[in-house]
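Chemist: Please build the complete structure, drawing on both the sequences and the hints.
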Amino acid sequence: MKRRLAVLAALSTLVVAALASTAGTGTAATDASQAVSCSKRLKVAMITPVTGGGGFIGQEQVTWAKFAVKNLAKKTYGLNVQLVVGDTPVEKGPGEALVVAQKFIADQSVVAIIGPATSGGVASASQALAAAGLAHISPSATRTSLTKGSKLEATKFFFRVVPGDYIQGPTDANYMVDKLKADKVVLVDFQEPYSVGLADAAEAVLKRKGVSTTRLSTSVNTTDFSSLVTRVPSDADVVFFPTQQPADAQTFGTQMREQGKRAVMFGGDGANSPSAFKIPGSYVSNFAPDISGIPTSRALIAGWQKDNPSLKLGSFGPPSYLAVQVALNAIKRACTAGKGQIKDRKDVFRNVKRIRVNPSILGGTFRFSTKSNDPLNAKFYIFQIQSDGSYKLVS
Amino acid sequence: MDTFVQLTLNGLTLGSVYALIALGYSLVYGILKLLNFAHGDVFMVGSFIGFGVLQLLGGATDPVLPLWPLLIVITVSAMAGCAVLGVVIERFAYRPLRDAPRIAPLISALGVSFFLAYSMQVLFGAEQRDYDAFSLDNGKLFLSGFDIGNVRVPLLRIVIIVAAFLLMIVLWLLVTRTRTGKAMKATSYDREAAAMMGIDIDRVIVVAFVLGSALAGAAGVLFALRAPTFPAIGFLAGLKGFTAAVIGGIGSVPGAMAGGLILGFAEAYTQGYISTKWSDLLVFVILIGFMIFRPQGLFGRPDIKKV
Amino acid sequence: MSGFDHDDRHQQGSPSEPQPGARKASEAEAPTSPAVGRDEWVARHGERRARRGGVLGTLEERLAVVPWWVWLTLFVAAACTVPLFSESGYVRRVAFDTVVFMLLALGLNVVVGWGGLLDLGYVAFFGIGAYAYALLASDKYDIHVPTIALIPLVALIGGIAGWLVGLPSRRLTGDYLAIVTLFFFQVFLTATNNGDDVFGRNLTNGPNGILDVDVFSFFGWSLPRVTSTGQFSVRYLYVALAIFGLVYVALRLLNDSRTGRAWRSLREDALAAEVMGMPVNTLKLMAFAFGASVAALTGSVAAALNGSVFPQNFEFPLLITVYTMVILGGAGSQVGVVLGAIIVSVLLEVLREPGDARGLFYLVILLALVGVFRPSLRLAIVLGGTAVLGFVAHLVAGRVDDAWTAGVAEDSGRIAGWVSDWVIVPTQLAGWVPAVSYVTLIALALGLTLVEGWRRVALLIPTLYLAAFVWENVLLDAPESTRYVVLGGLLVAMMIARPQGLLGEKRVEIV
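Protein sequence lines, in the order shown, are assigned to chains A, B and C.
Just so we're aligned, residue 62 is where the first sequence starts under the working numbering, counting upward by one.
Just so we're aligned, residue 167 is where the second sequence starts under the working numbering, counting upward by one.
Just so we're aligned, residue 1173 is where the third sequence starts under the working numbering, counting upward by one.
Derived from the structure by calculation, the hints contain no laboratory data.
Computed from a predicted model, the values in this text were never measured in an experiment.
Just to be clear, a hint being listed does not mean it is correct.
Here are some chain B residues pointing at chain C (derived, C-beta under 8 angstroms) [stated by the list, open to error]:
1. V254
2. A259
3. I269
4. S274
5. Q287
6. V288
7. I440
8. K443
9. W444
10. L447
11. V451
12. L453
With a cut-off of at most 30 angstroms between alpha-carbon atoms, the simulated DSSO-like pairs for lysine-lysine come out as follows [unchecked claim]:
13. A:K127 with A:K404
14. A:K245 with C:K1312
15. B:K306 with A:K322
Virtual Cβ for every residue (Gly too), placed ideally from N, Cα, C.
Modeler: Structure representation (structure tokens):
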């Protein structure tokens, strides 16, 4: 019994110490009224899944965001910026974004948010972030209803540097109908927000155009698709496969070949990965043209590759670079206007909308649309996978 | 008709993998009366070992070994690795709890499962790993084979089914024909009586873990040859294998084989004929019904309480 | 501490043959002359208590005089003052989440600790509660039931759901119940995830979840969930604490009632209980239903605060987390599981931040060493040896190549500077290093349990240094996964070293 008391005493010490350490960091940072000096270290916080099933998305985004801070903060904008990351594993649901957001809201040195990476995360955290005056710039949340429609799921403090499903879905659907002359299309979704949203957007357009569609649906954790492939009619022209896991697209394609299906695979931006998805003749859409063809972007890719030699270029990274660039630029402007300090996080928010980035890592000039917080004139590009596995821009 | 043949083939392929996993559950349950929740994660580790060995041997695009030796080396190393893992788990997480209340080893097993899954995630990240078996010999494994009607039975599926059945037959022989097998059977009937008869219980249990884990390792490789693997897959594979074991009657070796195949067919037919969206739900609802009306499974003995 | 839960000590069956884990206790209490016709264990209870001497013993006796509800009031009052210490919305939010976990742990304690049932579908009831609240108080169907009526309703719905799921337990025992509940959990997840298209009708919005869930409002007073500056609204902490107090008292009274005693006997030996004429099935169902009801109630609080409900909120890791809390604190003891919930919840938060996680790691190691060796020569040898080993290794590595020791970023916490002089942290790790060092560490740690005496001391030194190396180089790089690795390891270690948890009572199963 003495032992029990001893254990208890030791544990209470631990808990008190732990509480004290969190409480300490918390209070120090939240003197709500205080302005933040730009000569001190500012924080840009990222909200993205770094672990769990969607961990690969966040890991890629974080490496690029880190690279952007390292490359730009001091040199280009003269800012002392630290990137902090809040993890929102997809297994814990979009609600986790709110928990993480409130952590960053409490820290006054956080002046801008990159993310939340998922549309669900944006929907759950946007109100709290808006109340705190924090601009949140997502590199990957593409659900249409965040910025468009009668009932917005996000606030005006939300920005995205990639266009939403309202462009990608129709672009892909139109290409299938106009260029591929598809009459029969199978759509597969993975019962998670990204692929359901994109499949819905494409299906609506296809139906309007009189294409016969079949919708299949499977759990996000499925990796053997043979029975889904069996469901693909032999006369189907296209299988639309909006996955976030390029390896899934590769597997589905292999299993279609195995079962002798002739339909062409068509993936969304989530399947865009030349190293993982390489079924010849398939199509992939992406929010950026082949950026390794643009000299300025190629240099950035090389710089990033040097920091992350074991990683391969994916499609989630470069937009994160752009999002950080927009945020840093807005912070710099807020600092200049505030004569060396940021009085209110809203000052950063007010500047975001005005930012132009030229040249953008995604090619051309980047700016926000005046109507919504979406990129102006954004469009989706479609690639065809060649027999050597390379991606060729076809539209 | 073609659809039916194709779905049957899908079910057979998947079912034989499930059966291999289910065998591990059943072996351990039969002897220890322990639901080894960590078993699915052993399967996952096996698929990762296979992946690692394949990369060491040059990867699928440029392997240093010809096709068949390569497949054998991958499978055997995964089986060996998993066998070691199984023994370690048994020795450190279950053996100290052998006489504890029944709930204790179950919770320990949940802990091991969680520990393994997230350790792999710490070390290798959460993303899917693809063996890229299609690149081996220019897709020979997927494209060559024989035809039933209009349905092609590809080489890889033959390999998976044959390998799984071979392993099951070997196991069956081990369990029924050898002294160790008899000792296992005796232990599963009554552990204390078996110990009094001079059977080394610890050894029997270790053998059960070695066999079960090796089969899980083989299943991991066979599965990952067709579909990508990732750390979180252990939980799902475990759930499927566990379900299969329950259908067949947990603790029964032929039951586990039958249960695996039934589950494979059930999944393939519901996905093929009823709904892809609701197939998981249907399977689980059927199972709950099964549990309620025939809890001892197809081949299991009803649980008779001794007082 | 004992005032809170001293009644739990009666929950013992009589000790039969000594268990390996329980050996020490049984030896100390070897019965001298078994008395016929009365419960040995209960009879000797006072004797055992009396043997606890010294200052601590006296203290404990004094504390035991204070009734449990005084402690509860003090605890809730103390928790209410948390916001006074910290302006930070984050700390308050963590406090709120901790209370939610405390509620979940209390509910699971009814099922696992009192009922002795392994319920692997517990989190589904939490989800059912959250969904029930969200569907009955949001724009989804434009139903807005008043909070004061909705909370009891949700608890009732949860209870009924628990009752229904528990029904099969009439025919199922032990492991099979675990299986059925696990399947039920999967059914729940699949159903909510696919609820956007049930024969063409959208029932639950599927993976997109339900947004714009109503906030709590009592008699026309509504409680906004964020303050005007976007911080967590502290009023939810008070509401949650109030609910916690109510639930605690209700469960405590339940446990002291006839039902509570029946559960204890059921858990110790269901067969004997049945023979004594107890309605075993009904009792099991009740435990299930009460647990589910508490979980559902908690779900409504979480849904109201978050303002949204998604199927992914209720996945397997949450289940394991709640289990860890109950097991760590001690299944069966209400104080224990609350303590477990606090420890695990705070631990998970601290592990989020690499700087804090680092501090915690060294603190825990130090405390554990002191706890095991007490101030002694061995402790000095282990600590000194590890320190020396570290400095030597660091020096050698630094001489060979600067890059080997230049990895700790200057801004990652208070202890980081000290650590960077001691642990080898290369700027870039070769691909095989994490896996090899991690596996070696596990092997060494497991090996430690096999050797004894001076060998253990000798082995401990490299193990500790390797642990620091792995912590700095591998685990701190992936804090989110590390959190769960720690939880998994904790579960196994607890089961082996102290299955009764921190405050639970040792259970002896009658074989």
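Chemist: Hint by hint, note whether the structure agrees.
Modeler: Each hint, compared with the structure:
1. V254: holds, 7 angstroms
2. A259: With a closest approach of 5 angstroms, the A259 of chain B hint holds.
3. I269: holds, 6 angstroms
4. S274: holds, 4 angstroms
5. Q287: holds, 4 angstroms
6. V288: holds, 4 angstroms
7. I440: Violated, about 13 angstroms.
8. K443: Since the shortest Cβ distance to chain C is 5 angstroms, the answer is holds.
9. W444: Constraint on W444 of chain B satisfied, holds at 6 angstroms.
10. L447: holds, 4 angstroms
11. V451: With a closest approach of 6 angstroms, the V451 of chain B hint holds.
12. L453: holds, 6 angstroms
13. A:K127 with A:K404: Since the Cα atoms of K127 of chain A and K404 of chain A sit roughly 26 angstroms apart, the hinted pair holds (cutoff 30 angstroms).
14. A:K245 with C:K1312: violated, 34 angstroms
15. B:K306 with A:K322: Between K306 of chain B and K322 of chain A the Cα gap is close to 17 angstroms, so the pair holds against 30 angstroms.
Taken one by one, the earlier hints fail for this structure at numbers 7 and 14, listed in ascending order.
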